[in-house]
Structure formats: structure tokens, C-alpha cells
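Enquirer: Chains as they are written, first to last, in our numbering: chain A, 1244 to 1588; chain B, 5 to 99.
In short, the hints are calculated from the structure, not lab data. Some clues are possibly wrong.
With the C-beta cut set under 7 Å, the calculated list includes, among others, these residues of chain B facing chain A [to be verified]:
# : residue
1 : V19
2 : V24
3 : N25
4 : E27
5 : L31
6 : L33
7 : V44
8 : G45
9 : T46
These stretches of chain A come out as covered by chain B in the derived footprint (C-beta under 8 Å, 3 or more residues) [unchecked claim]:
#  : stretch
10 : 1535 to 1543
11 : 1552 to 1565
Even glycine gets a Cβ: it sits at the ideal position worked out from N, Cα and C.
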Amino acid sequence: MADFYRIFDTTLSCDFLLPELPLVNIEDGFRVKPGMTSPVAPGLTRGPGLEAQTLSVKLGEGDPDQFDSLGFKKVFEWCDYDGRVVCWCERQKDENGGDEYLYIFARSATFHISSEGLISCFLREGSTMQMLRHLLLNQIIPRYLATIGRLILHASAVTLESGKSVAFLGNSGFGKSTLVSSFHRHGAQLINDDCILLSCSEEGVTVIGGLVGIRLFPDSVNAVFNEAAGFTNYTPYTDKQQLFLKEEAGSAQPEPCVLDALFLLNDPKAEPEGKEAVDEVCIEPVSGSEAMMAMIYSAFSLDPSDKKMIAGNFRNVGQALGEQLGLYSLKYPRVHERLPEVRAG
Amino acid sequence: MKFQPTDRFSISDEVLSQEVNGETVLLDLDGESYFGLNEVGTRIWQLISAESTVTEVLNTLSDEYDASREQLENDVGELLAMLADAGLVKRVAGG
């Protein structure tokens, strides 16, 4: 038996619990008879409110290494800051000529992604379902959605009290989560702290987040929220803690909102030599090409070596930048006490 | 300039281009390299994409920019050579 959940603007069915995601109110979106359950294949009849396709997730059966003897070939790998491989992607053609993928997190889980959007999850010994869900929701699903043509960026975003929505682009450690947490703490509505989906509509570029939560290092938790209530460690591999914003996650399905501006955060560690460290909040317009490259490098992809995906992200980013969107760089001192100045900017 | 006045340029099938706010970003899928063109470079790219000859590119730029013919020949020649060296375009000799 599976439940239906919403992530970004997509509905997924999953045969294990995903407490991080809001459940889809089936009556709102699906023309499904009461009591109808999974399996749900992509292409399920949808109501007018749900245009995006569905995808299906299940807990796989058997050994996570059962794919070793098949014809998968490694196409890409990711390393941590110490150069150790933490994850790699393998790919092969299925019997219908479609691409199927394996995502292997050596210490945590393996994910098999069929060409039809069925994601099978295999937990590794010694890992936890919380870790598996973390990888599924923050890595596998965003990367899969990118593969089917969606533009998903490693970025944070909020809707300010003025009603304007803004996004912040920057590598891990640049302060995206801390910044939007600070905005959220002072009245802004969090869209997402790490991962956003952009689409082009008649109104312009729209933004929607995946799961509504915040992941911060303990110093930022204490500085922004004054306390650690509600924050929990979610993986043994980082000190970061996460907080799920239940009141927002549990509210009506989040709808995409128009994105008004995109800010590129400066690298806090790359202070120019011989110059004073950034001491003031500085917002300047950036060129279209600079913004485009920043967005391309932030874009999710299932196989970053695949030309089709590289070209797809290039076109999607170009299309998004063709819309009315303010493009700025944002430099600011990375001192928690100075965050009010950044918000004021 | 090492190009002939009647030369045209064909853009590699592996190259995608995108104009953003008056600038252009080029993606060479063969090697996954990105290149940026400023405003004038973007205009030249538009013109060679429209199969203009070198002379036609120079004539158009002469009309649009306040620069000497010699300056334009140097700048256009330099950019076309860079584009060709990077494998983004191929010279098609004029008849």
C-alpha cells in the first residue's frame, strides 16, 4: 500500500512513510475513486490541479549489491572534501532502449531508477531509514526530475513580507541556509533552504521548494533561532541539524510563486588577497552570463556527464533568464550579528 | 586578418548558444566548455549565425559602432580566430 506525497510540484507514491513531505489530498488533485491505492504508474489520470507527472518510490527487495553482475557502467562519482568517493552513478540501457540508473552511496543506500520513473530504494546494513529518506528527497528525486526536463537548482529561497520572492545561489558553506533561516525567523515564508525548482510561466519565472525544512550547523541554529528546539541530527556524516517546519509542510499544498530576484552569494573564504575582508553588505547587479554560469553550476542532474542533460540544463537556464528576473551579487560579512543588515538590504 | 572577405562560418552542431541580457553564453558539448561573448561579440555571433560573410559582418559593425575600419578588422579577425581555434565555428571559404 502506498501513500501519495507532494514534492516540488510533483506527486509521488511511496510504499514507506515519508514524514518529511505533505500528504497529497487525493480529492483535490486526483480523479481517483476513494480507496484506490498503488501501484501508481506514471500517467495516472490527474485532476486539473496537478499537471506534473507522478513518480513512484518503493523499498526494493533483496541485496543492495544485486545489480553488480548486470551491465551497469560507472559514469560519474562524487568525492568529499578529503577526496574520498561518497557516491557514484552507474547507467545502462534497459531492454526498451531507455536509460536506467544506479545511485550508490557506499555507506548508506543504493537507489535503482528505472527509465519509467520507478525508484527502488535499498538500505545498506548499518544505515537508517532517516538517512535513506534524506538521500531520496534531497538527491535522488531532484536529480531524477532534472532528467525529465525540470530545472532544479542548489539554492535557497524565501517569500519576503513584501510579497517578493528571492532566491540565493551559492556552494555548500556559502550561507544559503543561514540567510533564509534568518529571513524566516523574521517573518518571511521559507520556500526551501537548499533546493528549488524553477519553471517558466505566463507570469514569469516561478519557484517552488521541495521539502520545507532547514538544515544548519549548530552555531547557526543557536544564533538564528536562539535555541535548538526541534532541530535534530539527521546523518552521522555531518554536524548539521535539521528542522522541519511542520506548520508550513502540513498546510495546503505549496504553490509555485513568481521569483523576483536571484542573488549570487560570495564565497566567504575567498577574500581578495591584501584587501580587507568584506565588511559591508554589498548588492550589485551581475551580468546575464555570470548569472547563467552560476545557475548552470548549481543545476541538479542525474548524470552530469550526459550531453543531453547538460544541454537540457543550458536551455532551461537560458529560458529562465529570458524572463524578468533581477540578477544581483550579494556580499556580506559572515557574522551572525550582521544578518539584520543583510535582511535590510 | 587571416580570413578572406568572402569567407563565411558554420557553427558546430555541438555548440549551443544563449543570449542573456545582451551577452551570449556558448556551450560546446564536445568537451563541455562554456564561453562568454560580450555585447560586440554577441553581435558578431548573430551575424555569422545568419551566414554573413566577413565583409558583411564588417559593414554591419561599421554602421552600428563608432570605430575605425582597421580597428573593426582587427577585433573581428581576433574573435573569429578564437572561435575557430576553440572548434566552435569552421571557416567556409567564399567562392
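Enquirer: Which hints from the list above does the structure break, by number from lowest to highest?
Expert: Those not satisfied are hints 1, 7, 8, 9.
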